[in-house]
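Novice: Starting from the given sequences, assemble the full structure and let the hints guide the process.
These protein sequence lines are chains A and B, in that order.
Going by the numbering used here, the first residue of the first sequence is number 672, and it counts up by one from there.
Going by the numbering used here, the first residue of the second sequence is number 8, and it counts up by one from there.
These are computed hints drawn from the structure, not numbers from a lab.
A few chain B residues that face chain A, going by a derived Cβ cut-off under 10 Å, partial list only:
| hint | residue |
| --- | --- |
| 1 | Val-195 |
| 2 | Lys-203 |
| 3 | Gly-212 |
| 4 | Thr-220 |
| 5 | Val-234 |
| 6 | Ser-301 |
| 7 | Gln-311 |
| 8 | Pro-364 |
| 9 | Gly-430 |
| 10 | Val-454 |
| 11 | Ile-460 |
Straight-line alpha carbon distances no greater than 30 Å define the calculated BS3-like cross-link-like pairs of lysine-lysine that follow:
| hint | chain 1 | residue 1 | chain 2 | residue 2 |
| --- | --- | --- | --- | --- |
| 12 | A | Lys-827 | B | Lys-143 |
| 13 | B | Lys-376 | A | Lys-882 |
| 14 | A | Lys-981 | A | Lys-886 |
| 15 | B | Lys-447 | A | Lys-882 |
| 16 | B | Lys-354 | B | Lys-413 |
| 17 | A | Lys-994 | A | Lys-766 |
| 18 | A | Lys-994 | A | Lys-827 |
| 19 | B | Lys-143 | B | Lys-329 |
| 20 | B | Lys-413 | B | Lys-291 |
| 21 | B | Lys-447 | A | Lys-1113 |
| 22 | A | Lys-1113 | A | Lys-766 |
| 23 | B | Lys-413 | B | Lys-376 |
Ideal Cβ positions, reconstructed from N, Cα and C, are used throughout, including at glycine.
One-letter residues, chain by chain:
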Amino acid sequence: MLDPAVHAQLATILPPSALLTSPEETKPYECDGLTMYRELPAAVAIPENETQIAAILARCQAARVPVVARGAGTSLSGGALPDKRGVLLSLAKLKRVISIDPLARTAIVQPGVRNLAISEAAAPYGLYYAPDPSSQIACSIGGNVAENAGGVHCLKYGLTVHNVRRVRGVLITGEIVEFGSDALDSAGYDLLALVTGSEGLLAVTTEITVKLTPKPPVAQVALAAFDDVATAGAAVAAVIASGIVPAGLEMMDRKATRAVEEFVHAGYPLDAAAVLLVETDGIADEVAADMAELTRVLRESGATSIRVSKDERERMLLWSGRKAAFPAVGRLSPDYYCMDGTIPRRAIAGVLGRIEELSDKYGLRCANVFHAGDGNLHPLILYDANVADEMHRAEAFGAAICELCIDVGGTITGEHGVGIEKLPQMCVQFPPAELERFLAVKAAFDPHSLLNPGKGVPTLSRCAEFGKMHVHHGKLAHPELPRF
Amino acid sequence: MSTHAELRFARPDARDVADLVTRLTADYGERALTSRAIRDQHSHGEGLADVGLPDVVVFPHTNDEIAAIVRLCHAARVPVIAFGVGTSLEGQVAALYGGVCVDLSHMNRVLEVNAEDLDCRVQAGVLREQLNAELKGTGLFFPMDPGANATIGGMASTRASGTNAVRYGTMRDNVLGLTVITADGRIVHTGGRARKSSAGYDLTGLYVGAEGTLGIITEIQLRLYGVPEAIAAGVCQFETLEGAVQTVILAMQHGIPVARIELLDDAQMDACIRYSKLEGFEVKPTLFFEFHGSEAGVAEQSAQLQAITEEFGGSAFEWATKPEDRTRLWKARHSAYYAVKALNPGKVVFATDACVPISRLADCLLETKADADSTGLVTPIVGHVGDGNFHLCVAFDPAVAGEREKADALAQRISLRAIAMGGTCTGEHGIGVHKLDALKAEHGEAVELMRTIKRALDPNNIMNPGKTVPH
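Specialist: Laid out in structure tokens, this is it:
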């Protein structure tokens, strides 16, 4: 429950309809896309402008009340999971596209604007916003900035951090700060890089200048089938090594292709162990030349069949399978757990083999759909929360995948963020010296740790506790100690 | 943030420094030098002569050695200044409060090249030209190319870019991970081989461009690119500066994927023709450009650009098709600063640096040109205009009363004009000591945050003190 004094103060900032405290009203905010975790916030605040946000944050800082910002609530790592002691700050009302500068190819938008809505607003100028997370119909640009979201096309066009020029935000003190500039670079420390991907732990975003990209006149996609996953993995490396940067390079294994084929009937080959979707875009002559080269590389890498889209309709059809992969896999099982790790591309085949072994070990099926060009895996672990122990096995399986990614020199999250989900794995990926830098940065922005507390970066004591229990490569810390 | 974070600057105690120098010369022998000539050489970069003599220059060979040196400095509260090859332009390497200069030139090995992942890991002292020479035969290259043959460590520390940022981005976009020695002498690794990561804050981004004020970058993981199948470079000359600028803006608006598009005004062209012996060109505003791609793509891109230049009174394209002609052309462009210097003997030459959204480029450049002309100083213009970044070289005679003040005031106005147009006072040269005021003008509240971060990561303020973050 919110302290009545704080509630009274917030009530002077917000109208009653924008300050919710009853469980019936706060219930819709109890979780985000990571539904395993749920929590009711003490209050939900729905401000409509930056002035209100600054006032709310200043009051909360004064009263030491935690604040969790929330965009569209599509986070897959629990980034918007409420704090039961605190205020859930919804940015849903800040949804205006403020301006578009077609010459500079930038748009200034509010954080609650949906990712796809930016592209829709820019379409009349022949421009679009390139990063395209699968949830782009729903997810907000503020959330994209918080998680440094990626998507199918970030292989060529970069992640959110590469497509954002400037972020205006409010610190927990209520001070308004600008990070970056509307130009190519900005002077001094790159605070824009720090804030992007900071999972709402450093500032609350109120305005964003995004880069827009000219819509390529032509795009073409090839669907290549492979007899085994290792050959497909090697083909990914061969495509990248050819020097052509595809606009998208996605991989799906048999479990995933079969699931989507039943769902969307895109004509995916059902007998293939894995398929690759390779897209190239640009001006017509260039696309034709690149596609000829790509199909040659795919053939030489052992593709058993290659289908190249002949027109836009066919291109959309081939992509529809990939875009519908998550809901399609969702039909296979009552629940699924979407993982997210990035590995060096050359390790793809080996890691997929190991995931297969883990799948047997934990007795849970796993479908793979992922951004192969970036080495960004999205294993989908299928489980049934109503079956005793399956959820715990799913979590353990997921944790094992994370550690597998770290072992081959990768990272535990490519684009979904750490949130609440991957705090323990942070202790595995980062040694204390690096965690200390993270904590120092956090303390510089938010010394009382009120913004989205308990997420993103584990405390050293939490890692120490975790380390006691954690066996890495069979190497037990302090083996001399007695254990249960 | 609520408490005002001050950064203290003072010379360390002379006896502490003397003890430290004794210790370092004992530990590193001939790799710790105190001769006046060596210290002089490490007291400044290029551009304005802001001299700050270090007390000792050490040439470490390993991360562990640097960590040990920094630990000693941390304990004695003596400044540490990282030094690459001394080509920074804003006074980044001057030892303002004395201390230990860590020269990274012996750490000049390319540690690994991963052709199939398109990345490599290098030590900080590797020179950009050296890296590309070592990549020859792999079919890969590293595109960042500031005018000088700088070290990769220095380029990362100043967040440099170069002529082809319009296609390949800046160091910000091309550094995947770092090894950094922290202010308390520990070795940390940021980022890594993975192409994308949302785990933890982007410390790589924080250290890139921090000018050695938060730690010393010792190893860099870099993105590499495939050498394009076809490259075409060309030159087009214009009657007016405006025609050249409008051409650039329209080309960018049409999304023509040029790899480089460089503007040289008539004064700069004059200097380059004379210094680099370029033949067949007139003293006129000029665009140098280059296309990368497949044969078909390059042909289509050049045809599109040619059509635009005609609209703005551009000459027919002069193509440099042979690799050696291309090299000569870009060598002339990269030597622009040295050309101005050579042709103005006895004068001090420094380069300003401004970057604006491309929609404001014409306004900013033309206003700046008029402003510069009114000072009566020699002020040739060059720019990576495709990304809105341009430079004026300003030459002044230190012997003539008032000339330096006039030059400084012009530089200040250029910074403020760029900031007012939604841009920045530095696209690629950094802050150093010269742009501290401009940084304040640009960032307001955020400067306080930078100070807090500096204090959090370098509590004793020993890492390159007096730079990047204002008092």
